[in-house]
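S.K.: Residue numbers (the numbering used here), protein chains in the order written: chain A, 178 to 334; chain B, 178 to 334.
Incorrect hints may have been included.
No copy is singled out in the list; a pair is fine if it fits within one copy or between any two copies.
[As the list claims (entries may be wrong)] Capping the alpha-carbon separation at 35 Å, the derived lysine-lysine pairs in DSBU-like fashion look like this: (1) Lys-294 - Lys-225; (2) Lys-328 - Lys-292; (3) Lys-189 - Lys-328; (4) Lys-331 - Lys-207; (5) Lys-261 - Lys-292; (6) Lys-261 - Lys-234; (7) Lys-261 - Lys-230.
Keep in mind that the hints were calculated from the coordinates and are not lab data.
There are 2 protein chains.
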Amino acid sequence: MTEVNLLFEPGKQMVVITHIFDAPRELVWKIYTDPELFPRWWGPEIFKTTIDKMEVKSGGSWRVVQHDPEGNEFAFHGVYHEVKALERVIDTMEWEGMPGHVLLETVTFEDLDGKTKVTNISVFQSVEDRDGMVQTGMEVGVKESNKRFVKLLKELQ
Amino acid sequence: MTEVNLLFEPGKQMVVITHIFDAPRELVWKIYTDPELFPRWWGPEIFKTTIDKMEVKSGGSWRVVQHDPEGNEFAFHGVYHEVKALERVIDTMEWEGMPGHVLLETVTFEDLDGKTKVTNISVFQSVEDRDGMVQTGMEVGVKESNKRFVKLLKELQ
Numbered sequence: 178m179t180e181v182n183l184l185f186e187p188g189k190q191m192v193v194i195t196h197i198f199d200a201p202r203e204l205v206w207k208i209y210t211d212p213e214l215f216p217r218w219w220g221p222e223i224f225k226t227t228i229d230k231m232e233v234k235s236g237g238s239w240r241v242v243q244h245d246p247e248g249n250e251f252a253f254h255g256v257y258h259e260v261k262a263l264e265r266v267i268d269t270m271e272w273e274g275m276p277g278h279v280l281l282e283t284v285t286f287e288d289l290d291g292k293t294k295v296t297n298i299s300v301f302q303s304v305e306d307r308d309g310m311v312q313t314g315m316e317v318g319v320k321e322s323n324k325r326f327v328k329l330l331k332e333l334q
Numbered sequence: 178m179t180e181v182n183l184l185f186e187p188g189k190q191m192v193v194i195t196h197i198f199d200a201p202r203e204l205v206w207k208i209y210t211d212p213e214l215f216p217r218w219w220g221p222e223i224f225k226t227t228i229d230k231m232e233v234k235s236g237g238s239w240r241v242v243q244h245d246p247e248g249n250e251f252a253f254h255g256v257y258h259e260v261k262a263l264e265r266v267i268d269t270m271e272w273e274g275m276p277g278h279v280l281l282e283t284v285t286f287e288d289l290d291g292k293t294k295v296t297n298i299s300v301f302q303s304v305e306d307r308d309g310m311v312q313t314g315m316e317v318g319v320k321e322s323n324k325r326f327v328k329l330l331k332e333l334q
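Take these sequences, add in the hints, and give me the full structure.
M.R.: Now the structure itself:
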């Protein structure tokens, strides 16, 4: 079984997402950080995801583009503050449709008796930004990404 | 006259600092982003500040070290998510004494009839992190940096 949980408390400017994957941390880390695998789980399945840049290392930059079936593009980019293999990724993220609105994401990976717990804390520049993101249907998106991630896990296990 | 104002509301995970400088935006921007000038105003006057790296551009990295009179070193580093000349800097910052604790800083520069308003919004990964930073004497530090900044402004005007 795989669990995903989203927490967004009223009046706060963060979202906390936890996943528990029934797989070893090495594999979870690989799927999370490999530019070849990333497009296969990040975002909704009906979007095609392409990697413009994904330098997974401290000080690196990234840019990912989602293409919907109508040909619209949704681009996101940011920088990696820290990448510590198997343990932690801290990065920034901006949707290019709203320039200047940026979030700080802290993702930690923990062993849990053979399973892996992934905790993702996203903090926003304001409560309004956080609420805006939640209202775009973030929960549905996160759950769909989680489902695709698990599918990929099983395929690679 | 120069004004500096700090706002940290209880229970929030951010600090908002505003400065109004009686100087044109070009000069304020230059002092803020020039690696030669930065050590002359950032932090307490009794510390010597050295720049290890300061790549002021989108995707760049920075690392600054403060040396106290006893020879202790306090190092800070981060990445620039965005540098938009004369308008905005968005970057991350981590004090190396507390690894993994990172803040996202958004600094905007606005013309105000010949004066310049600088707004600095720092968001933290938690309320506890924010409160910890405030309790280290952040207010005194910010006010001292502001004073040094103004002194430098006058010298260069």
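S.K.: Decide, hint by hint, whether the structure agrees.
M.R.: Against the structure, the hints:
no.	hint	verdict
1	Lys-294 - Lys-225	within (27 Å within a copy, 43 Å between copies)
2	Lys-328 - Lys-292	within (16 Å within a copy, 57 Å between copies)
3	Lys-189 - Lys-328	within (32 Å within a copy, 38 Å between copies)
4	Lys-331 - Lys-207	within (13 Å within a copy, 53 Å between copies)
5	Lys-261 - Lys-292	within (19 Å within a copy, 43 Å between copies)
6	Lys-261 - Lys-234	both (8 Å within a copy, 24 Å between copies)
7	Lys-261 - Lys-230	both (19 Å within a copy, 20 Å between copies)
When held up to the earlier numbered hints, the structure conflicts with none and fits them all.
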